[in-house]
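Chemist: Sequence:
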Amino acid sequence: MVRSVTAASGERYGHRAARSRLRGRRRPDPCSRLRPRQGRLRRGSRRDRTAHRLHGLSYRRRLMNDMMARALSAVSASLVIPHDVAGTLTSLLEEVAHAFDAVTCSVAVADRHDRLEVLTSSSHRPELLALHDVQAVEGPVFEAWTHGRPVSLPDVSHARVQWPALADAMDAVGGCSVLAVPLRWDGHPFGAMGLVRALPGDFEAAEAVHLQAFADLAMLVIVHADPVSVRIAVQRIDEALTGRIAIEQAKGALAYLHETTTAEGYEILRRRAEEEGSTLTETARTVLRNAELGPAQREPS
Numbered sequence: 008m009v010r011s012v013t014a015a016s017g018e019r020y021g022h023r024a025a026r027s028r029l030r031g032r033r034r035p036d037p038c039s040r041l042r043p044r045q046g047r048l049r050r051g052s053r054r055d056r057t058a059h060r061l062h063g064l065s066y067r068r069r070l071m072n073d074m075m076a077r078a079l080s081a082v083s084a085s086l087v088i089p090h091d092v093a094g095t096l097t098s099l100l101e102e103v104a105h106a107f108d109a110v111t112c113s114v115a116v117a118d119r120h121d122r123l124e125v126l127t128s129s130s131h132r133p134e135l136l137a138l139h140d141v142q143a144v145e146g147p148v149f150e151a152w153t154h155g156r157p158v159s160l161p162d163v164s165h166a167r168v169q170w171p172a173l174a175d176a177m178d179a180v181g182g183c184s185v186l187a188v189p190l191r192w193d194g195h196p197f198g199a200m201g202l203v204r205a206l207p208g209d210f211e212a213a214e215a216v217h218l219q220a221f222a223d224l225a226m227l228v229i230v231h232a233d234p235v236s237v238r239i240a241v242q243r244i245d246e247a248l249t250g251r252i253a254i255e256q257a258k259g260a261l262a263y264l265h266e267t268t269t270a271e272g273y274e275i276l277r278r279r280a281e282e283e284g285s286t287l288t289e290t291a292r293t294v295l296r297n298a299e300l301g302p303a304q305r306e307p308s
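Residue numbers (my numbering): 8 to 308.
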């Protein structure tokens with residue numbers, strides 16, 4: 008439509024070259040009007056503009072922190088009652104999309120054939136579902152799962168050669184930027200969570216950290232899908248209390264052996280657990296066993 012209107016205007020005013028100039032012109036980038044224009048600042052206005060930008064950034068951060076807190080509260084509350092994985096994940100993604108002001112947010116997981124499949128998303132519009140299917144094949148979501156680290160795409164127009172299918176799918180939904188983080192369990196990536204924004208621009212490091220927290224929560228929802236009875240919950244609470252007693256005794260033993268305070272004894276216990284790659288409770292039990300045995304019978308630490 009832009010081409011025909013401009014060409015007709017050129018012919019009306021006798022500028023026949025307008026039509027020839029329009030031929031071969033590249034399709035306008037839908038994200039170009041959203042990018043900040045690079046222009047010269049007027050003298051004396053740099054300080055005012057910097058202060059205005061920082062004030063707006065601070066406001067956005069406070070707003071995001073409030074939204075993150077509400078989202079985490081709503082989703083974590085659903086984990087202490089019997090829940091459905093699909094329903095809980097959908098609610099989680101809706102909260103994430105709202106907190107990050109995103110067009111859509113999705114979770115994709117690897118199947119037994121090591122192929123990435125879309126599990127659920129915050130919206131089920133056909134064009135958004137098509138975008139999620141593309142993200143499972145190419146783009147930041149796929150890369151986050153492959154490499155096990157956050158991947159961002161500040162401007163999809165810069166990746167039209169690298170990921171052409173993703174660029175076309177993003178244009179169809181009005182998306183301009185993507186941030187994706189891996190779904191991790193025991194240090195291994197099992198999928199990825201990705202969000203799409205309508206505005207181009209770099210993502211802040213804090214945003215990647217927050218999205219990773221949501222991704223870890225999503226993985227927790229998937230893994231702990233089976234409901235736990237009250238009896239088992241009481242049993243696990245007793246186990247936790249037993250572990251606490253072992254930790255208290257172990258830090259006292261270490262404080263006595265090293266002639267220091269119990270607070271420092273706890274720090275010694277914690278550092279030893281980190282060095283051995285063990286849990287705090289298991290390390291405490293090892294300390295107590297060594298304290299009961301003689302020096303010649305102690306377990307290696």
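Any given hint might turn out to be false.
Beta-carbon label-pair distances, calculated as ranges [as the list claims (entries may be wrong)]:
{"hint": "1", "residue 1": "V237", "residue 2": "H105", "range": "20 to 26 Å"}
{"hint": "2", "residue 1": "A137", "residue 2": "R243", "range": "40 to 46 Å"}
{"hint": "3", "residue 1": "H120", "residue 2": "P89", "range": "41 to 47 Å"}
{"hint": "4", "residue 1": "D245", "residue 2": "Q169", "range": "51 to 57 Å"}
{"hint": "5", "residue 1": "P171", "residue 2": "L227", "range": "31 to 37 Å"}
{"hint": "6", "residue 1": "L86", "residue 2": "T153", "range": "25 to 31 Å"}
{"hint": "7", "residue 1": "T269", "residue 2": "A247", "range": "48 to 54 Å"}
{"hint": "8", "residue 1": "D118", "residue 2": "P89", "range": "22 to 28 Å"}
{"hint": "9", "residue 1": "A93", "residue 2": "R243", "range": "23 to 29 Å"}
Simulated from the structure, these hints should not be mistaken for lab results.
Where a beta carbon is used, it is the ideal one built from N, C-alpha and C, also for glycine.
Chemist: Between T269 and A247, does the beta-carbon spacing fit 48 to 54 Å?
Modeler: 20 Å, violated
Chemist: Could you see if the CB distance from P171 to L227 stays within 31 to 37 Å?
Modeler: Roughly 36 Å apart at Cβ, these two residues keep to the hinted range, so it holds.
Chemist: Do H120 and P89 keep their Cβ atoms within the hinted range of 41 to 47 Å?
Modeler: 31 Å, violated
Chemist: Is 20 to 26 Å respected by the C-beta to C-beta distance linking V237 and H105?
Modeler: Given a distance of about 33 Å, which is not inside 20 to 26 Å, the answer is violated.
Chemist: Should the hint that A137 and R243 are 40 to 46 Å apart at their CB atoms be regarded as holding?
Modeler: Given a distance of about 43 Å, which is inside 40 to 46 Å, the answer is holds.
Chemist: For the hint 22 to 28 Å, verify it against the beta carbon of D118 and that of P89.
Modeler: 26 Å, holds
Chemist: Against the range 51 to 57 Å, how does the distance between the Cβ atoms of D245 and Q169 compare: consistent or not?
Modeler: 54 Å Cβ-Cβ, so the 51 to 57 Å window holds.
Chemist: Cβ-Cβ distance between A93 and R243: within 23 to 29 Å?
Modeler: 26 Å, holds
Chemist: Could you check the hint for me, namely that L86 and T153 are 25 to 31 Å apart, CB to CB?
Modeler: 29 Å, holds
Of the numbered hints given earlier, the model fails hints 1, 3, 7; all others are met.
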